[in-house]
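All chains should be modelled from the sequences, with the hints used to inform the complete structure.
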Amino acid sequence: MSKAPPRRRAAGRSLQAFAALGLLLALSLPAGAQLPPRLTPGSAADQLDAARQRLAGRADTAVVAQQLQAMAQDLRATLADRSAQPLTALGDSDRGRVLRAHAAAQLASDFADAAGACRAGESAAMAQALALSVRRLAQAPAEGKPMQATIDRLETADHAPLFALRAGARPVALALVGSELTDPQCPDPQLTATDANGAPLPSQPRITNVLPTRIEFEWPGTAALKPGSYVFHVRPQHKAFLVGCSAQPEAVVAVQMVPAPKFTVGYVLDAVCGRNDPRDVALGKGTLPPLEGYGATVAQAIDTSACTDPVAYRISATVTYADGASASAGPFEQSADANATVGLPGGLSLSWDPAVRQLFVRSGSPMCKGVH
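In the numbering used here, the protein residues as written are 1 to 372.
Honestly, the hints are just simulated from the structure, not real lab data.
Some clues are possibly wrong.
Derived lysine-lysine pairs resembling DSS-like cross-links, with alpha carbons at most 25 Å apart [what the hints assert, rightly or not]:
#, residue 1, residue 2
1, 262, 369
2, 369, 226
3, 239, 145
4, 262, 226
5, 262, 285
Using C-beta positions, here's what the derived DEER-type ranges look like [said to hold, decoys possible]:
#, residue 1, residue 2, range
6, 242, 86, 25 to 31 Å
7, 203, 160, 18 to 24 Å
8, 70, 173, 33 to 39 Å
9, 168, 86, 21 to 27 Å
10, 297, 207, 34 to 40 Å
11, 278, 59, 43 to 49 Å
12, 331, 356, 35 to 41 Å
In this text, a Cβ means the ideal position worked out from N, Cα and C, and glycines have one as well.
The following block contains the structure:
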């Protein structure tokens, strides 16, 4: 049998050395750990600053902005001499602090992305969940455990960030995204749902898929839950040599429960009658049947016999939402030869069709991306 040439043997030894180095690095990390790329104490502090700037000017997140600033100042003060060191060079407790700072910044950035088209009541509910999540991250004790699980986002099945959930009878598919959420060598992490005080809920989530950076689960119907704050707790396990799997520090994220969507629209419809001697004539004032959910339509006939020669129609509307908030629009005037439509906050519209003498109210798709 012929021997391999010297160059080939040298290349083989180099590959073996690289493989050994890779194995050594892998063993130095918690099993299954997936760390954010290029994350250092300094970059995490910068992320907190950027997220805080995106919340600037919002009254509903003023407390969150202060918390982000305090976390950034703490990182810079206590890890100033290690601000550029990667996570793998930090001790367990310091690595956990950096990961939690990264998670707080990510949650705040997701809020800023999702809250733009939301009503004031919706964004206020989202802000409550964000504030509770960030407060739990900031107050988490520094523990010297190999795995420092964090949750950067609660999201829907279509990967949209979620801060508030509309109560409903059907189960909902959700996911937790973060770092070090599970060790593949150990049983699935423990996932529990509690109220804001830590009391377990009667209906608990059921895990459907687990990865180190993602836990997918199904939450049973939430119709029985009262509006308020709820918390998901993830407690992973880590396997150590000769010890087996042991519980690690938990990661948490909050969600705000809000009432199921219901819209009630009140209207005022007037006509401008007579071309030679125009006068205002009241045709109708009242409340249409409520709309339950999105993609719904209700109609109401209007008696127009009080105006036989309309020139224009004038319409205004007020909508009341499930959370008790209300908004008004109009009056708007439209020629009698065309339909009149009033847009309402939250994706609703009120239309008057003179050809069939009916008012229509439609609820479109949800506008607020942070509420599911």
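Against the structure, the hints come out as follows:
no.: 1; hint: 262 - 369; in the structure: holds, 17 Å
no.: 2; hint: 369 - 226; in the structure: holds, 21 Å
no.: 3; hint: 239 - 145; in the structure: holds, 11 Å
no.: 4; hint: 262 - 226; in the structure: holds, 16 Å
no.: 5; hint: 262 - 285; in the structure: holds, 21 Å
no.: 6; hint: 242 - 86: 25 to 31 Å; in the structure: holds, 28 Å
no.: 7; hint: 203 - 160: 18 to 24 Å; in the structure: holds, 23 Å
no.: 8; hint: 70 - 173: 33 to 39 Å; in the structure: holds, 35 Å
no.: 9; hint: 168 - 86: 21 to 27 Å; in the structure: violated, 43 Å
no.: 10; hint: 297 - 207: 34 to 40 Å; in the structure: holds, 39 Å
no.: 11; hint: 278 - 59: 43 to 49 Å; in the structure: holds, 45 Å
no.: 12; hint: 331 - 356: 35 to 41 Å; in the structure: violated, 21 Å
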